[in-house]
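Using the hints provided, position chain D relative to the given structure of chain B.
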Amino acid sequence: MHNAGMVSIWFLIGLLLTAYGLIITAVSVYQSLVPPAALPVLANLRAGIWWGLFILFLGCFYCWRFQPRKTRRQTLDT
Amino acid sequence: MTGRLVQLSAPDVLIVVLYFAMVIGIGLYLKRYTNTGDDFFLAGRGMTAWIAGLSFVAANLGALELMGWASAAYQYGILATHWYWVGAIPAMLFLAIVMMPFYYISKTHSVPGYLKLRYGEGARAVSAITFAFMTVLMSGINMFSMALVMKVVLGWDIHFSIWVSSLTVAAYVFLGGLLSAIFNEVLQFFLIWLGALLIPILGLVETGGWNGMVARIHQNFPDQDFTHLWRTLGSFADNPMGIHWTGIVLGLGWVVSFGYWTTDFLVVQRVLSARDLHAARMAPVIGAGFKMLVPFIVILPGLLALAVLPEKLVGESLAAVNGGHSYNEVLPLMLARYCGPGLLGLGITALIAGFMSGMAGNVSAFATVWTYDIYRALIRKNASDAHYLTMGRWCTLAGVLVSIGTAYLVMQFKSIMDYVQALFSFFIAPLFGTVVLGMLWKRTTAAGGVCGLVAGTISSIGMWAWVKVNPAALSVIALSSNARDMAENMYRALWSWLICVSVTVLVSLATAPKPESELVGLVYGCTELPSERELRLTQRPIFWAGVAAMVFVLLNLIFW
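Protein chains in written order, with the numbering used here: chain B, 498 to 575; chain D, 147 to 706.
Read the hints as simulated data drawn from the structure, not as lab findings. Using N, Cα and C, we set each Cβ at its ideal position, and we do this for glycine too. There could be a bad hint or two in this list.
[Said to hold, decoys possible] Just some of the chain B residues that point at chain D, by a computed CB distance under 8 Å: (1) Leu514; (2) Gln528; (3) Leu539.
Extracted from the complex, chain B is given alone in its bound form:
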């Protein structure tokens, strides 16, 4: 990123995805334990759980890879 000290856009994306991953995984696990009356098509595949986990993993990766302390150090090095 161009401004020294600026938090990376990728870190902000990571934060939001981590929150979304947590919410989607938690809701989907709950729904699989207490199924609602109307289920979406292919609900047996538990898409919400594995998609939520994928988003959570992606979010955590971005948060770790582009954490402000790390990117600030890289900016100073360059």
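Same frame as chain B, now just chain D:
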């Protein structure tokens, strides 16, 4: 159609609210980094190739495009993919390799700014005023369309949708300018992919893969070919779009696509924010790579809907009378089919993010063109940078207010929408003729450029009016009595471009050219382009443009 398509649960609402909190937070955070005009209007010219590239492609990945092209895929089948492949990829690669050096080396801050350097103040004024005017009108139309979608899909009040989304956009663009808009476009890009990708994955699982989907479509629609990209384009009568391959290749692939991707400032502004020429050339190549993948989340859901939806979707007016679902609802319907709570919230957030970033793109481009190409050029020439920065911030708010006004106007008179969209199309094709000749032919003169631009625009308006007054004229413009509306747009663009180029060439040959010394940095043959020989092969934009071109050809052959 009454009621709503989907019902959001509490976790879905939480996901939407978190998105709004994040974009406002980003705006507040970035305000401290937008202290100069360059920061506000060009994001400090500090974006990496990846950020500029994703923002470049995301600026054209709004919810209207997603829902519109998913709907088109349901109506016309895989032919809609042409707007993502032949209608985008060659133009993006051309921008990267051929045109970007001139935009970047000339240090222009906008496309009208380039026209000023190449052709003089007159060309800039015409281009800037029409662009600024059209951009805020388009923003208002997008806003109204979003409110309408939210009403149909979620049952939200139209006024609530308009005011909440526009005030949020106004706040974050006012605070962070283009930087804020770009950050949110990249965020939106992720949300759209993560929110929409599950639909084709689960759809293909349900149909048993591509072959299973094709078999089901043939079973449901035995008389039509929805799954071939080029095979049905030999005749206007053989495909549901009523278009010939010449219209797709020359009209869409050459004129409309090159006009949009290389001269529409809304998208070019994203690339101008790159930190150096190398990043500016790589950005459209990266954008092209992702653009080629977009049909998998837009067109494929439309095709899957043809295969799996139990009811047949119909046009908007028929749906209103009979109470069924319309083509335009295909994406939300597929979302509701496969996604439970949480995932549904993510999908809806992706749509809202798409609408808002589209609006932000329009407003930030408007602020730049108004401040630099109209206010500074025609009203107040020598003010300080701080003054122009303040002007940029306030005209962001003014742009949003005009957009809101337009949204309410469209609510009263819906036909305005068609007129404004047509109006926008009048300028794109001739502008491309003017810019590309100016960049590649040093003999082009200022008089030639302006005359060509005006002649091309007037001829485009003339052809449009002719078809409006006499629909039979379509067969003359599109060269076939079987041609339909889509074909008219393509051929009209082609003719207006040819008229613009012909007039520009003729007038240029009859008038005195500028001395070559005044064309340095602006025209091919007068500009020394930076060498890339010191870069490794895999670092060169031309290498990746070649890879993208090969993938593009391969995809067209696979789905021929």
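Taking the hints in turn, this is what the structure says about them:
no.: 1; hint: Leu514; verdict: holds, 7 Å
no.: 2; hint: Gln528; verdict: holds, 6 Å
no.: 3; hint: Leu539; verdict: holds, 5 Å
Hint check: no violations occur; every hint is consistent with the structure.
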